[in-house]
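Residue numbers (our numbering), protein chains in the order written: chain A, 3 to 201; chain B, 3 to 201.
Honestly, I wouldn't trust all of these hints.
Chain copies aren't distinguished; within one or between two, either way the pair holds.
[Claimed, not checked] Simulated pairs of lysine-lysine, DSS-like, Cα-Cα distance not exceeding 27 Å:
| id | residue 1 | residue 2 |
| --- | --- | --- |
| 1 | 124 | 188 |
| 2 | 9 | 188 |
| 3 | 104 | 9 |
| 4 | 188 | 104 |
| 5 | 156 | 124 |
| 6 | 160 | 188 |
| 7 | 160 | 9 |
| 8 | 87 | 104 |
| 9 | 156 | 104 |
No lab work stands behind these hints, which were simulated from the structure alone.
There are 2 protein chains.
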Amino acid sequence: MSFLQVKPGTLLSPTPVVMVSCGMDEHINIMTAAWVGTVNSTPPMVSVSIRPNRWSYGLVHRSGEFVLNLVSRELAQKTDYCGVKSGRDINKWEACGFTPHKVSALTYAPAIAQAPAFLACKVVSEQDLGSHIMFIGEIVDIGLQEHLWEDGGKIDLKKADLVAYCHGEYVPLEEPMGFFGYSVAKPDVLERRMREMRG
Amino acid sequence: MSFLQVKPGTLLSPTPVVMVSCGMDEHINIMTAAWVGTVNSTPPMVSVSIRPNRWSYGLVHRSGEFVLNLVSRELAQKTDYCGVKSGRDINKWEACGFTPHKVSALTYAPAIAQAPAFLACKVVSEQDLGSHIMFIGEIVDIGLQEHLWEDGGKIDLKKADLVAYCHGEYVPLEEPMGFFGYSVAKPDVLERRMREMRG
């Protein structure tokens with residue numbers, strides 16, 4: 003194998019793809035973001051980068067809040083739509099048939115009631131990196147649809163049928179192939195955990 | 003549908019999973035990270051968050067460099083191994099059969115010659131967020147294996163057979179289901195682009 007060089011660009015793949023819902027005063031909006039990631043475990047924090055000319059930028063900047071709504075295969079087409087249209091021109095909630103879900107921990111930003119899960123965030127910092135403003139948000143509330151819960155209070159995210167973003171394309175996920183630590187698990191643990199994982 | 007609340011945590015999914023290679027003086031190491039993301043387009047930048055007690059933290063902090071190596075299905079088990087073992091105890095390059103690949107734009111951090119692609123980064127900032135230190139890196143060089151290139155200089159990342167990380171599990175990707183803008187594409191464009199995407 004040998005590497006061919008290419009001009010530096012945003013090639014990290016796969017990335018998440020989420021619908022970011024936000025609001026301020028009487029306005030609420032949805033935009034799609036793939037420049038998003040987990041940046042801290044304790045307290046749990048995410049980054050989301052938004053171009054300053056996007057309508058959502060001002061809503062997040064002024065309210066200090068945003069919600070990341072995870073995207074299932076079923077929602078991929080609407081997610082794409084929320085990524086190409088501007089809330090300045092159309093009401094994406096109405097256009098997509100989405101219902102705002104009031105998040106008790108936030109004042110302005112609603113979650114999307116149709117999403118499989120949401121992460122409600124309060125902005126802790128904002129940094130201009132060039133083309134994008136990077137917000138760091140602390141996750142203050144999480145909601146998951148009832149059907150993602152197993153007996154015993156465990157979450158089965160496989161049932162959310164989530165989609166990743168990969169070099170400009172929306173890509174669903176296959177079955178998981180391993181769990182954290184599977185490379186060093188003892189044979190009996192490996193067998194049990196792999197069975198649970200696939201089950 | 004209705005949401006059940008859960009304690010705030012790092013539930014954003016799927017995330018990327020990469021092997022971070024780094025070095026300083028005579029030491030080189032590999033660690034696995036899922037708390038990584040694209041944070042800016044122009045110039046292209048990524049974030050990677052590392053616990054300060056990890057051996058790689060000091061290498062990245064002192065050298066001001068790191069490389070993100072993308073992970074194929076074939077490399078998932080070694081990636082997990084690089085996530086659970088410490089470079090203080092073992093040489094992960096030898097243990098995994100990995101070869102350091104000299105990156106011309108960097109002084110210390112090598113890429114992994116066996117990875118499908120790498121993003122070489124120079125640190126532009128470092129921020130303590132609590133459990134993790136978040137590095138922002140500017141991508142200064144990218145390498146892709148020859149077999150990922152199509153005629154005409156287009157990149158086909160599908161051929162990299164990449165893996166995502168989802169709530170503690172390694173998850174390969176299905177075929178892509180749509181491209182950015184597919185929700186509003188005209189019928190003839192949609193048909194052509196979907197065919198190209200799957201081809």
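Quick rundown of the hints versus the structure:
{"no.": "1", "hint": "124 with 188", "in the structure": "neither (41 Å within a copy, 39 Å between copies)"}
{"no.": "2", "hint": "9 with 188", "in the structure": "neither (43 Å within a copy, 31 Å between copies)"}
{"no.": "3", "hint": "104 with 9", "in the structure": "between (44 Å within a copy, 17 Å between copies)"}
{"no.": "4", "hint": "188 with 104", "in the structure": "neither (45 Å within a copy, 36 Å between copies)"}
{"no.": "5", "hint": "156 with 124", "in the structure": "within (26 Å within a copy, 40 Å between copies)"}
{"no.": "6", "hint": "160 with 188", "in the structure": "within (25 Å within a copy, 33 Å between copies)"}
{"no.": "7", "hint": "160 with 9", "in the structure": "between (36 Å within a copy, 19 Å between copies)"}
{"no.": "8", "hint": "87 with 104", "in the structure": "within (24 Å within a copy, 43 Å between copies)"}
{"no.": "9", "hint": "156 with 104", "in the structure": "within (24 Å within a copy, 44 Å between copies)"}
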